[in-house]
Amino acid sequence: MPSLSYREKSLYASLLAELIVYGPYFIRHHQQPLNTVAGMIAAVVVLQIIAQSIIAASTRNRVTDERDRLIELRGYRAGYLTLASLMVFGLGLLWMHTAAGDFHLENHHMGIHFLNVFFAMLVIADITKTVAQIVAYRRAL
Amino acid sequence: MPAIRNRIRELRAERDLTQQDLADKVGVTRQTVIAMEQDKYSPSLETAFKVAIALGVSLEQCFQYDGRGKR
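Quick mapping for you: the protein sequence lines, in order, are chains A and B. Under the working numbering, the first residue of the first sequence carries the number 1, and numbering increases by one thereafter. Under the working numbering, the first residue of the second sequence carries the number 1001, and numbering increases by one thereafter.
Simulated from the structure, these hints should not be mistaken for laboratory data. Bear in mind the structure is a predicted one, so any value in this text is a computation, not a measurement. Do not take every clue at face value.
Only pairs whose alpha carbons sit at most 25 Å apart, straight line, appear in this in silico DMTMM-like list of lysine to aspartate or glutamate [said to hold, decoys possible]:
id, chain 1, residue 1, chain 2, residue 2
1, B, K1050, A, D102
2, A, K9, A, E72
3, A, K9, B, E1060
4, B, K1050, B, E1060
5, A, K9, B, D1024
6, A, K9, B, E1037
7, B, K1040, A, E66
8, B, K1050, A, D65
Using C-beta positions, here's what the derived DEER-type ranges look like [to be verified]:
id, chain 1, residue 1, chain 2, residue 2, range
9, B, R1015, A, R62, 48 to 56 Å
10, B, S1044, A, F119, 33 to 41 Å
11, B, L1045, A, H104, 53 to 61 Å
12, B, F1049, A, P33, 20 to 28 Å
13, B, R1015, A, A42, 45 to 53 Å
14, A, S58, B, Q1064, 38 to 46 Å
15, A, V88, B, G1067, 38 to 46 Å
16, B, R1015, A, I50, 24 to 32 Å
17, A, A140, B, A1013, 47 to 55 Å
18, A, F119, B, A1013, 50 to 58 Å
19, A, L4, B, G1067, 33 to 41 Å
20, B, Q1061, A, V131, 45 to 53 Å
21, B, V1057, A, L70, 19 to 27 Å
Glycine residues also receive a C-beta, built at the ideal position from the N, C-alpha and C atoms.
Start from the sequences and build out the full structure, keeping to the hints where you can.
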């Protein structure tokens, strides 16, 4: 079992917290009401605080260096590219549906639908960022 | 083959230093020392100088540049 740095442990904890909370969201694939989305965000925040506190308390050496910062930047780049790609894809779909005339803004479910779509995009981008960082650490960079 | 190669492992062994000892002296993580020793990570100039100083050698004795290697 390779030894993990403080940042790596922290990333694994973040990924685990996100998968535990957001996993059912993607598996069930239902449109969640506003309260459920807010609840998931709160659950992730609470889980992150607990996990990061445990890791910080149990890790003696919490040094971060230039390689950690480089890997962090790589992760943010991967996350940004994912988010931008999803946004372009989503806007393309929106344009196609609008052009086809099957898009009705007056539908009261439309707001919830948009909320879920944008929330899913953010979650996917964030998970991509975390996974990209973990992969960079496992490949030594 | 990487463009920047180093003799950190060899120099460290000669001085009977562990990876953690060197990491503490330089101010990086042990994982970064491992990555440098495996030629998977080329450090910044500042860190390269710190490594050379920690090992008591000049920069050229510790790091070598090979223009034919991939960057």
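Now the hints, each set against the structure:
{"no.": "1", "hint": "B:K1050 x A:D102", "in the structure": "violated (64 Å)"}
{"no.": "2", "hint": "A:K9 x A:E72", "in the structure": "holds (14 Å)"}
{"no.": "3", "hint": "A:K9 x B:E1060", "in the structure": "violated (35 Å)"}
{"no.": "4", "hint": "B:K1050 x B:E1060", "in the structure": "holds (13 Å)"}
{"no.": "5", "hint": "A:K9 x B:D1024", "in the structure": "holds (20 Å)"}
{"no.": "6", "hint": "A:K9 x B:E1037", "in the structure": "holds (22 Å)"}
{"no.": "7", "hint": "B:K1040 x A:E66", "in the structure": "holds (14 Å)"}
{"no.": "8", "hint": "B:K1050 x A:D65", "in the structure": "holds (13 Å)"}
{"no.": "9", "hint": "B:R1015 x A:R62: 48 to 56 Å", "in the structure": "violated (26 Å)"}
{"no.": "10", "hint": "B:S1044 x A:F119: 33 to 41 Å", "in the structure": "holds (38 Å)"}
{"no.": "11", "hint": "B:L1045 x A:H104: 53 to 61 Å", "in the structure": "holds (60 Å)"}
{"no.": "12", "hint": "B:F1049 x A:P33: 20 to 28 Å", "in the structure": "violated (57 Å)"}
{"no.": "13", "hint": "B:R1015 x A:A42: 45 to 53 Å", "in the structure": "holds (52 Å)"}
{"no.": "14", "hint": "A:S58 x B:Q1064: 38 to 46 Å", "in the structure": "holds (40 Å)"}
{"no.": "15", "hint": "A:V88 x B:G1067: 38 to 46 Å", "in the structure": "holds (40 Å)"}
{"no.": "16", "hint": "B:R1015 x A:I50: 24 to 32 Å", "in the structure": "violated (42 Å)"}
{"no.": "17", "hint": "A:A140 x B:A1013: 47 to 55 Å", "in the structure": "violated (20 Å)"}
{"no.": "18", "hint": "A:F119 x B:A1013: 50 to 58 Å", "in the structure": "holds (53 Å)"}
{"no.": "19", "hint": "A:L4 x B:G1067: 33 to 41 Å", "in the structure": "holds (35 Å)"}
{"no.": "20", "hint": "B:Q1061 x A:V131: 45 to 53 Å", "in the structure": "violated (39 Å)"}
{"no.": "21", "hint": "B:V1057 x A:L70: 19 to 27 Å", "in the structure": "holds (25 Å)"}
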